[in-house]
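Student: Dock chains B, C and D against chain A, hints included.
Number of protein chains: 4
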Amino acid sequence: MNTFGNHFRISIFGESHGKWVGVTIDGCPAGIPLLESDLLPDLERRKAGAAGTTPRKEDDLPIFVSGIFNDKTTGAPLTIVFENNNIRSADYDAIKNTPRPGHADFVLRQKFNGFNDHRGGGHSSGRLTVALVAAGVVARKILEGISINAVLTEAGGSNDIETAISEAVKNQDSIGGIVSCTVKGLPVGIGEPFFNSLESVISHAVFSIPAVKGIEFGSGFAAARMHGSVHNDAIINEHGATGTNNAGGINGGISNGNDVCFRIAVKPASSTPKEQQTWNNATRSVEAFTVKGRHDLCIALRVPVVLEAVTAIALADLRMAQMR
Amino acid sequence: MNTFGNHFRISIFGESHGKWVGVTIDGCPAGIPLLESDLLPDLERRKAGAAGTTPRKEDDLPIFVSGIFNDKTTGAPLTIVFENNNIRSADYDAIKNTPRPGHADFVLRQKFNGFNDHRGGGHSSGRLTVALVAAGVVARKILEGISINAVLTEAGGSNDIETAISEAVKNQDSIGGIVSCTVKGLPVGIGEPFFNSLESVISHAVFSIPAVKGIEFGSGFAAARMHGSVHNDAIINEHGATGTNNAGGINGGISNGNDVCFRIAVKPASSTPKEQQTWNNATRSVEAFTVKGRHDLCIALRVPVVLEAVTAIALADLRMAQMR
Amino acid sequence: MNTFGNHFRISIFGESHGKWVGVTIDGCPAGIPLLESDLLPDLERRKAGAAGTTPRKEDDLPIFVSGIFNDKTTGAPLTIVFENNNIRSADYDAIKNTPRPGHADFVLRQKFNGFNDHRGGGHSSGRLTVALVAAGVVARKILEGISINAVLTEAGGSNDIETAISEAVKNQDSIGGIVSCTVKGLPVGIGEPFFNSLESVISHAVFSIPAVKGIEFGSGFAAARMHGSVHNDAIINEHGATGTNNAGGINGGISNGNDVCFRIAVKPASSTPKEQQTWNNATRSVEAFTVKGRHDLCIALRVPVVLEAVTAIALADLRMAQMR
Amino acid sequence: MNTFGNHFRISIFGESHGKWVGVTIDGCPAGIPLLESDLLPDLERRKAGAAGTTPRKEDDLPIFVSGIFNDKTTGAPLTIVFENNNIRSADYDAIKNTPRPGHADFVLRQKFNGFNDHRGGGHSSGRLTVALVAAGVVARKILEGISINAVLTEAGGSNDIETAISEAVKNQDSIGGIVSCTVKGLPVGIGEPFFNSLESVISHAVFSIPAVKGIEFGSGFAAARMHGSVHNDAIINEHGATGTNNAGGINGGISNGNDVCFRIAVKPASSTPKEQQTWNNATRSVEAFTVKGRHDLCIALRVPVVLEAVTAIALADLRMAQMR
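Protein chains in written order, with the working numbering: chain A, 1 to 324; chain B, 325 to 648; chain C, 649 to 972; chain D, 973 to 1296.
Chain A with its partners taken away, still in its complex shape (with noise of 0.2 Å):
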């Protein structure tokens, strides 16, 4: 489904190349202001234009449909859009009959009958993290005293990330990279046992975010390698304060009250402008394929906030499920 979280839920609908682009959230706490100006400085984080990003650009104003009076939250549905105006869907004429590698077209156009809006990847386009950007900002209001900080360490197996830009444009070819996030100021006990662990919730919400393919708490996979005597915490006072930490601020899938630090890992762009292979239905037969449209030579570039924005949204949740 399109909904995420129990007690602050957002739902997002809309396409790459449809009308609006939007998101509704439920559960958001009366009297917070908010103006839609609030939303600017993360929108413009998230927005193209960067060497490495697609040069599609989109306004990206947020329009306040409902949820909001006197510049505060109401305590009702908190309806956000953005209009779509920029698009060009001829470009995606193509892929009707031959399905890009590594993107969704294939499995899109099977799960929904060939119904499915396939104009830029429709609904499951990165357009969408639009909207979620727009909530994460919400979410961090009832996040106070928390910080949510995420940053790019490496592009293209690299951390000179401008040189692995760079080399990426040189080469026409996308390349991945490494988020880090860290959160400090996450009271102890949040997380619900037994499903909802704080690394339930946070892959959950992250996994929605194309194009990530790993997460790791941590230490993380290097953990796997330790012993317990080296990766265990050691407790240094009352507050549950430890003196490294390997956990990532997490035990029993619960905050400790240390900062929370997790890693993803970012696959390059599909749409790379190298020439690849794929099946072409009209010819029945595997043939050369080069990508159109515009498109992001290292998305990884993009993510942080809306890294960031998934986390909050996530975080937000498991607060208000802990302030019952």
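Careful, some of the hints might be misleading.
As the list claims (entries may be wrong) - Cut-off 25 Å, straight-line C-alpha distance, at most; resulting in silico cross-link-like pairs (BS3-like, lysine-lysine):
(1) K96(A) / K720(C)
(2) K1044(D) / K420(B)
(3) K940(C) / K19(A)
(4) K991(D) / K396(B)
(5) K1142(D) / K1264(D)
(6) K789(C) / K19(A)
(7) K616(B) / K343(B)
(8) K371(B) / K343(B)
(9) K667(C) / K19(A)
(10) K72(A) / K744(C)
(11) K744(C) / K940(C)
(12) K274(A) / K170(A)
(13) K789(C) / K695(C)
(14) K667(C) / K72(A)
(15) K940(C) / K141(A)
(16) K991(D) / K465(B)
Bear in mind the hints are in silico, worked out from the structure with no lab data behind them.
Tutor: Frame of chain A, contents of chains B, C and D only:
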């Protein structure tokens, strides 16, 4: 909450040192043949006993409480319980004042204001995975034609697992491991946009297994270092078969008909025999600490059958969503 | 929450005097033909204008925001909005201090700490039923072969409804009514034990219609005065047809293949032109009070189409649950 | 599904003639004192034995399976089971071919393709209400300061209930009844727009009680015959107290601080000793039929304690929603 799934929905209950642990499965179709003995092989795989696993042994005999009539499911809630008949609770008295590093003792006490059953980890104990394994057997019954296979591919950083275990026993220090899982036969189209992607739902389930700290699908973290032209899996026939499988059988969060592959990182058991440091709330100082009780040196050994179970549960839920 | 249903799930948003009101339908199967004009007949039935209904008239033209491609549903969330283009908010300033009797003014102010949009009832306004009617049209599309028919059978205590309305207009005092609903063609087996009985789910949906204060199925309250030998409906063929229908087509919470029949009680509109008493928070005394604004004298007139809509929504959800 | 509630969530399992029936409560706060003996008074009220109720008697001794430690709730799932120790299944063999009128035999067989446990109504039996009563006791514990009181006000059409029962015994024909429920002390603001109105959630819960066929809040069906100026309850102080209570303590689906009042219609037990007609699938004709087994002549006698229980469960869930 202690419930997972929307269509094939499981709810678990019980504590490590309580009377019973159990699971209720709601949404299981009627007419599926099911005997208590059908559960034994997987329960046996999970059971303690091998070198590196805890000497605590339970009989682990499943008792069907409801939902079965004439050896078939009825469509009513199917409840299965297991007796806890091998309990030495005195072992755990110390942890009231000295929360064990790496364990959830500290966070549970905070979260539940000290009312949690602290004995053996209480409701957050690995003991609860016996209920997951039972539910997994039922889930597999509604995944006809689909195989799920998990193997421990690495322990203590080595793929010679037997030697790694011996070393751990010799060192008296716990070790972690990597478990790989492959799902064969999953039809195209499993996974629900936007938030219930196949990765989202599997990872949500997987992170409910105690000690899991990372997950990656297909090439996972390695994908972050590939070029798009290499990472993209060329589609080579009309059924969506791909030449490579860097995507791990998933595009846009939806199964593409190829093998679904993922790997998880299991941290070393927190209960290592090695001396550690922790805060003592009675003396109000950091003190040396040695874990008592009976524990696994390499819990990763017991994870594959649990991983298969939660994967089956996640897939059963998504498949029933798809069958609408 | 502002969401109804687990499989065919609707979420509504908007306020009486906000920009738009709307609904998002999640879980709607792909491939259903749907034009904006398909919604017009039911929207027209709901619209104001007849004697006894409010002079406020909206154009009520539905705008499809998402989920439709080439005039068919895509399987993605289907969002429909309506502009509010006939707003006179000044009418409502008085209610800040003098909560209108029978209305939700007082409780909404308390519940949302004064942050709710109080104009015209805000999110709790009958205006929102336009979104329910829109969703009802879509729900009916997936209830092929099933008819839902609701009629106003009594107004102001009389079954001569036209006369009752004339009297209400003459008396300038609002009146209530009884609406009966009959569902034909519902297959055997709709309704989910134990908590999602057909009665439970229908009544849950129905009591979201403003002004409904009672519901009874089949013989309903009269059944409480019958003997079992009279009330029981004899089964007269292998398809479960019954000679009488005191059960209203439902046994054990599950449809039995006969007509599903129920009746609801609609209270008189709280906004009656007659003078009333209420607490004035400014003067801190009970004072005479006259409602301003434009309102229905017999809201029951507008209920049948809304009742059909929510019934369709409830049945669509249960039917999709059953189709698993 | 067999789960009710989002915050205080109960799941029931078991069959009339199975091993145990039980309930799991998820979301119960930690630290609530709870003894098995706390449940006995309400269980006793529900128990059979009075004139007009079935001679089947169960011990109905609750067994706490999980979620309790040192006589207090732990915050983990609280599972309570009851043994079925007085079963005469042979009584029910006949119903395989001759579905009992008024019962769910026919619909359950259709819905579950004949795999349902048909003995004594299986999972749809009134026996399951023992689990509801148990959960109700727990729910009341988190509704401090709130009283819920239900009384049988009418049986067989008369308010001289004792005489009505004697007549039913003499006639050997079952009778129905009316049960009234009053909730005192409920704070203002309980009930969640738009779909989880207080009426919606209470009625959803109430219609899960077998044999309930109608519900009305406040003046209910009588409201349909009142004028607005009469029906409206004048607000007489700043706390929202009203002079009359036609609204039954609910405006706009939200509690207004006055008593919440509603009435339900209970049909006569379908298992009446009187001869009836039903379809015989073996002989393929309509035949005379007499119910065997032990049954209540006036099940309405046993409904008040169950009604209080489900009301408490519904209110506990809504109150916890409100406490966020």
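Student: So which hints don't hold here, by number, going up?
Tutor: 3 and 15
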